[in-house]
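Quick note, the sequences are listed as chains W and U, same order.
Counting with this note's numbering, you get residues 6 to 274 for the letters of the first sequence.
Counting with this note's numbering, you get residues 409 to 697 for the letters of the second sequence.
Keep in mind that the hints are not guaranteed to be accurate.
[Said to hold, decoys possible] Here are some, though not all, of the chain U residues that point toward chain W, as calculated from beta-carbon distances under 8 Å: (1) T472; (2) P520; (3) L676.
Calculated from the structure, these hints are not laboratory results.
The beta-carbon is built from N, C-alpha and C at its ideal position, and this holds for glycine as well.
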Amino acid sequence: MKVSTRFLEIIGAWMLAIIWVLPLLYALWTAFHPGEYATRFSLTAPLTLENFHNAWAAAPFARYFLNTTILVTLILVAQFIICTPAAFAFARMEFAGRNVVFAIMLMQLMIMPDVLLVGNYRSMAKLGLVDTILAIALPYLGSAFGIFLLRQTFLTVPQQLDDAARLEGCTLLGRLWRVYVPLARPTYIAYGLVSVSYHWNNFLWPLVITNSVDTRPLTVGLSVFASTDQGIDWSIITAATLMTSAPLLVAFLLFQRQFVQSFMRAGIR
Amino acid sequence: MRRESLQAWLLLLPALVLLVAFTHWPAATTIIDSFYTTPKGSRPPRFVGIENYADLMSDPVFWTALTNNAIYAVWTIPVSVILALVMALAVNTAMPGRALVRMAYFTPTMLPMIAVANIWLFFYTPDYGLFDHILSWFGGGRHNWLGDRATALPAMIAVAVWKEAGFFMIFYLAALQAMPPDLKECAALEGSSRWNFFRRVTIPLLMPTTLFVLVNAVINAFRLVDHVVVMTRGGPDNATTLLLYYIYEAGFRFWDQALAATLTVVLLGLLGLLAWLQFGVLGKRVHYR
Chain W
6 MKVSTRFLEI IGAWMLAIIW VLPLLYALWT AFHPGEYATR FSLTAPLTLE
56 NFHNAWAAAP FARYFLNTTI LVTLILVAQF IICTPAAFAF ARMEFAGRNV
106 VFAIMLMQLM IMPDVLLVGN YRSMAKLGLV DTILAIALPY LGSAFGIFLL
156 RQTFLTVPQQ LDDAARLEGC TLLGRLWRVY VPLARPTYIA YGLVSVSYHW
206 NNFLWPLVIT NSVDTRPLTV GLSVFASTDQ GIDWSIITAA TLMTSAPLLV
256 AFLLFQRQFV QSFMRAGIR
Chain U
409 MRRESLQAWL LLLPALVLLV AFTHWPAATT IIDSFYTTPK GSRPPRFVGI
459 ENYADLMSDP VFWTALTNNA IYAVWTIPVS VILALVMALA VNTAMPGRAL
509 VRMAYFTPTM LPMIAVANIW LFFYTPDYGL FDHILSWFGG GRHNWLGDRA
559 TALPAMIAVA VWKEAGFFMI FYLAALQAMP PDLKECAALE GSSRWNFFRR
609 VTIPLLMPTT LFVLVNAVIN AFRLVDHVVV MTRGGPDNAT TLLLYYIYEA
659 GFRFWDQALA ATLTVVLLGL LGLLAWLQFG VLGKRVHYR
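Turn these sequences into a full structure, and let the hints steer you where they fit.
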């Protein structure tokens with residue numbers, strides 16, 4: 006009795022897993038086979054890279070890859086540089102109005118820039134930044150999530166280490182750089198992975214603020230490609246879809262443990 | 409003391425400026441804009457009081473979007489959260505192929521919503537698509553999943569659940585692994601059934617995680633409309649128009665600033681209300697360790 010219910014549970018878990026990967030396997034099938042096999046399954050169907058080749062040639066994907074890489078790097082580096090000192094101030098310094106400012110900052114966790122398309126578009130228009138990569142990045146640079154996450158980590162750094170560095174004559178920025186940042190390394194990795202995957206996949210704001218090949222990230226480029234040029238050649242669209250998601254997906258499969266642990270670390274507050 | 413205060417403010421300054429400039433400032437200007445008309449050509453915006461809100465109340469598309477979003481949230485949130493818990497419980501026990509199963513659950517999370525939408529668009533295609541294909545084995549006929557008012561929104565819900573459940577699973581899994589194993593031994597000694605243990609011990613201990621996951625699920629139900637943009641553009645006949653999608657349409661396809669601003673204020677109000685409900689009401693009933 007006990008063994009058989011356990012058996013059923015395992016079967017159930019596997020069934021759910023199969024249902025969950027089925028869409029992806031199906032996409033892989035379509036992308037790696039000629040168009041006429043898109044909906045026909047046959048063991049003898051020839052494998053091909055033609056679809057990827059055609060997709061790559063049909064739209065400036067190389068440029069889109071470059072744009073996304075620039076965007077993601079810009080956001081990541083700027084977030085680290087901007088959020089670290091702020092997190093330190095909230096964690097280890099006394100100043101008037103700390104709690105109020107902290108509360109004001111935390112409001113961003115609920116009201117995210119994604120919702121404020123209209124207001125942010127107007128600001129970018131006033132700044133003359135419409136259709137630039139900088140404009141895609143700007144709303145996300147002061148990240149309440151990043152500040153909060155780093156603050157929580159900095160709070161766990163033993164005060165004695167800080168005091169010792171101070172006695173050695175370390176300046177404020179020196180202590181931050183030599184004591185706090187190295188000890189928070191796992192948090193930086195976690196936050197970095199979350200940030201990169203969020204912005205690699207982000208769509209609506211980049212769609213609104215960009216309108217040329219030179220600035221469009223992959224997600225927007227893919228949607229333009231899939232909606233206009235291709236009619237309904239599913240094999241090519243699916244190939245393009247997999248191509249744009251591939252770097253992140255491959256990175257995930259290679260560093261699975263790191264990814265999963267990072268998401269967990271970023272989530273536990 | 410003075411000096412430390414000054415230093416702290418200097419450290420905060422860059423983050424605070426950016427945060428206020430691109431979150432609080434646009435929120436404030438949007439609220440102001442919602443009391444003005446849309447500027448047209450050389451005509452500057454004119455103050456109209458609450459007229460935009462009155463217009464919104466009599467806008468049938470707004471009510472459709474609100475209803476759709478409510479249905480969308482009421483389905484995606486519980487289904488993805490419960491599935492996430494089931495997945496976490498499944499991969500938290502020893503079983504053959506555990507790593508593979510966990511990977512299967514989590515992988516959709518790594519894909520951009522745009523990619524997910526493209527893949528699923530194909531499944532929903534009449535005749536060719538996976539769904540019609542499977543149905544045809546059972547003698548089913550062709551069905552235009554995204555073109556039919558009755559199935560378009562459920563189709564969106566399915567996509568969202570598929571993408572999100574694995575993400576939430578991670579947090580449940582972390583919480584389950586942090587649970588002390590002696591609890592289970594204790595319960596076994598006392599002869600407590602598995603179901604009882606789950607209901608009396610596991611669920612209460614998971615409450616903080618559930619709150620965290622719920623907050624994220626709620627935000628996503630109102631923030632993520634990428635799949636609507638790609639798959640249906642809000643159609644057919646507004647059957648899949650969600651609030652943020654309507655904001656996008658009003659702001660960047662109709663260029664109706666007044667409507668877009670008013671809608672944004674409503675959405676912000678809704679998010680604020682939900683935050684208050686979750687932290688104020690639900691948060692008090694959660695027991696943190």
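Against the structure, the hints:
Violation of the interface hint for T472/U is found here, the shortest Cβ-Cβ separation to chain W being roughly 19 Å, above the 8 Å cut-off. At a threshold of 8 Å, the smallest CB-CB gap from P520/U to chain W is about 4 Å, leaving the interface hint in force. The beta carbon of L676/U is positioned within 8 Å of a beta carbon in chain W (closest approach about 6 Å), and the interface hint is therefore held.
Checked against the numbered hints given earlier, this structure breaks only hint 1.
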